[in-house]
Amino acid sequence: MSGWRHDRLGSEIDRERPVRFTFDGQAVDGFAGDTLASALLASGHRVLGRSFKYHRPRGLWGIGAEEPNAVLDLRDGDSFKPNSRATLIALRDGMDARSVNAWPDARRDVFGAMDLLHRFIPAGFYYKTMIRLPWKWYEPMIRRAAGLGRVDGEYAPPADSVHQVAACDVLVIGSGPAGLAAAQAAARRGNTVWLVEDALHLGGALRWRGGEIDGAPWTDFAESARAAVEKAGGRVLTNTTLWGAFDHGAFAAWERGVTDRLWHIRTQRTILAAGAVERPLWFANNDRPGVMSAEAALFYLNCHGVLPGRRILLATAHDRSYPVARALAEAGAEVTIADAREDAPDTGGLDQVTGAQLTAAVGRKSVVAAMLNGRRVACDTILCSGGMTPTVHLWCQVGGKLDWDEGRDMLVPRVGTSDMQVVGAASGTLDLAAALAEGHAAGGNNGPVPRAETGATGGVAIRPDPALPGRQWIDMQNDVTLKDVALAAREGFVSVEHLKRYTTLGMATDQGRTSNFAGLAAMSALTGKSIPETGTTTYRPPFQPVPLTAIAGRYRGDLYHAPRRLALEEAYRAAGARFREYGGWLRPSIYGWGDEAKVAFDEAKAARETVAIFDASPLGKLEAIGPAAAELLDFTGYVRMSTLKSGRARYGFMLSESGIVYDDGVVLRLDDTRFIVSASSSHVDGVRFRMEDARQNRIGRDRVFIHDVTQALVTLTVTGPQSRAVLQEAGIKVPDIPHMGVSETVLDGSALRVARISFTGDMSFELSVPVRAAETLRARLEAARAKLNGRWIGLEALMILRAEKGYILIGKDTDGLSMPHDLGWGGPRDKRADEYLGKRALFTPAANSETRRQLVGLSLPPGAAPLATGSHLIPDSGLRRSLGFVTSSYHSPALGHPIALALLEAGRAKIGQSARVFDNGKLRDALITDPCAFDPKGDRLDG
Amino acid sequence: MQLFPCPFCGPRDETEFHFAVEAGHARPEPATEVSDDDWADYIYTNRSPKGEAREIWIHVTCGEYFILARDTVTRVVHGSEPLPEVAR
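Protein sequence lines, in the order shown, are assigned to chains F and E.
Numbered according to the numbering used here, the first sequence spans residues 1 to 943.
Numbered according to the numbering used here, the second sequence spans residues 1 to 88.
Calculated from the structure, these hints are not laboratory results.
Treat the hints with caution; some may be incorrect.
Computed list of lysine to aspartate or glutamate pairs in EDC-like fashion (alpha-carbon distance at most 20 angstroms, straight line) [to be verified]: (1) K831/F x E33/E; (2) K645/F x E497/F; (3) K529/F x D558/F; (4) K365/F x D634/F; (5) K81/F x D24/F; (6) K645/F x E657/F; (7) K53/F x D160/F; (8) K50/E x D247/F; (9) K831/F x E64/E.
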């Protein structure tokens, strides 16, 4: 015998709208308003899964997030959601649910034999086994056996979850009686209240317990609370899990819907009304399908019209369970109450056993009987009521502490250890009238206190009994038994933190909601310590499993760390550019098809033979403007710029205070009070904020201003022997400026800055215009280029050209130890008497060391393969150690043989000698040269 | 997600800010009169207080450095103030 649907009851289902779905390939019928769990319960399917370790058949236990067993892989239309909790899934037509951790399915699982080996696989068995043979023998088996559901490798969930930010005065978590009262009271005071409810409907336990509030059905009260909240400008969210409490009133909530929404809520004040969860009872085989929470049975009966069985044994020691028994009997089940107390209340006609000791469940795939006081009692369902555990997770997440309340047999929030207010069952208050009063007070006491009848709340504490024969389950999802807790105690893992980690009790996806208390109580009994002495573990976000798709939102694929785009990107694509990310920008690597290295080689060759154009916009352009601009740059830069004449440019560095080169770049001086500092495209913010530091903390914020115009200007560079001809052909009148000169002029009604700065070693003109004038400039240059057989070149060709000249890239040809004198720039260190960033660090013993790694060039014979970047330079003989490494390496079109740049210990003194290189396992020799391999005198800079 | 008060822009999410240095460390100058140990101390040694702390942060959004007073254990923020004016 198993679950069945009543013909009338069920306040939340719509019998006019039947719904059909499949479970393990079999068609199952339900109604709109069912959850997957309620429909499965009604259908009589009892075995919903197999336990994690022992593969024991398992069935439905509870109401919501505390459900340990009914975990299913769910296909719903196009979406696939593994490990879904059946109690939290609203049933939809066409859903396909499958049991997990079983083959072929939960009902017929072939691995059920694992249970026969249980003596060999208790908690922590893996610490004592799998030691002999290499781990690689065990790992594949364990990987296959681990986990519950299966991931569908073909399925890629759409990136359609939205992130939304909200602010409110009061956040009320949970819409049971206390939460509704709090929300209403706070809203009536004029607060914006956000009321967040995990379930599909408001009401919490009112939904199945019922009850009148202020003389009317509780649904009226819920509606008036909702109306009050919305009237005051607040919001009511259902089917939304408030899953994380963070600092300074920040919370995260997952709203389930056609597309999910992730809410980032910032609140001034929080009221936690998250309710409480029923505890199980402990007896042999207490994990059999058909063993259920009594509270859950009442929930399924009243909300969905489903009974768990026909012959029901309800085991309890609490008065609260009696209405459950009465309701089930009235609905047509045979009910027997087994009350552990000798002195138990009157049942009003129901069959009752007092002083009842439930010691075992009988049956394998389903309960067929219970052992009660030594006698076998036939039944198909055992409902358990072991007391209530307040849901305090969010309280603990913000650092709130717990107190042991002996009288109420619960761990409750310790008032004063957090700003959060806790009301209702979450603070241990189970009585309806008292919960309403607490919520109302927390909300601000506005208006009269909502009234209800006080219910019966008598009961005694129940504890697991280690003396009982047979295995008693404490944590059903991780298959942890009472014997495992005793094992942990025997082996010395008595602290609750060790117990948790040694046995994995409380570490499953149900987060120990039905097991933490029992584990704690059992350990306390075994060690003879009190519960407060044994302690508790804490809770961390998320409150419940949240899918990563909800957390990632739309930050996936192209939108994850989206690179910056060039203003002229479309034009370059039309010209055949292939794009790649460089320093956070999407830039052309080469133009055209084919092998990238070959195309780049050809582009670099053409650039030196005729003319080439490339986009240099991402290079940082930081304006320093004001009477103290020169003073600022003298401090932040290693090379003095105050001596730079207007209309000229100078190469310099920015050091960190530890003397390491942070960035390099050319500084242009436009006039007495205007400079432009170039920064590497990936370092623009870093350079800017170091300049701001000097400005705000040393120079004076009203004496100089710093302005980042990197993205306001487009820079196109024309380079090569024919560069002047291209500009002439393009009709661009260029002022007569020397190499390292800069001038401002006008073109097509727009400002144009021309700088003769070369990164290629050939005569180059950097043309910078505002973004709106970029296309006009590009079009002019393109027409001229076509006429003169020039080429657009990408970054790969540029890398080759600058390497031929020994021009470095910070972070590629320098590392975290490189100082300016390592790169051949010792002048300012020797000569400057004034203060600048990093100055003192250039005179430490380390900075003065003879064995510092210095920048050198490497040369290989024609026809040789280039060295692999990163190859280590090693001594010719003796102990093999790294003397440095190759930082850049290319085939050089200009020289006809491979070249490289490297950092080498005391390298400059070794120029002319041979270096041994460990190139991907091969030992090779290279000639050490000056870093500049091509046109050392720089004649080509003037065309 | 902490909330920090920029003295110029008001309360903003912590992701808009970047820690700079502990407050109260003066730069030893001139370089010729600073020992190796003093310089290393300046760039590497932090008080790392457990509890009340005064730190310099930058609000990346507006580019301003400022002093933030907070508790490193409880993460309570006590307040913020602009940097003192540069003495001339």
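query = Hint by hint, which ones does the structure fall short of?
reply = 2, 3, 4, 6, 7 and 9
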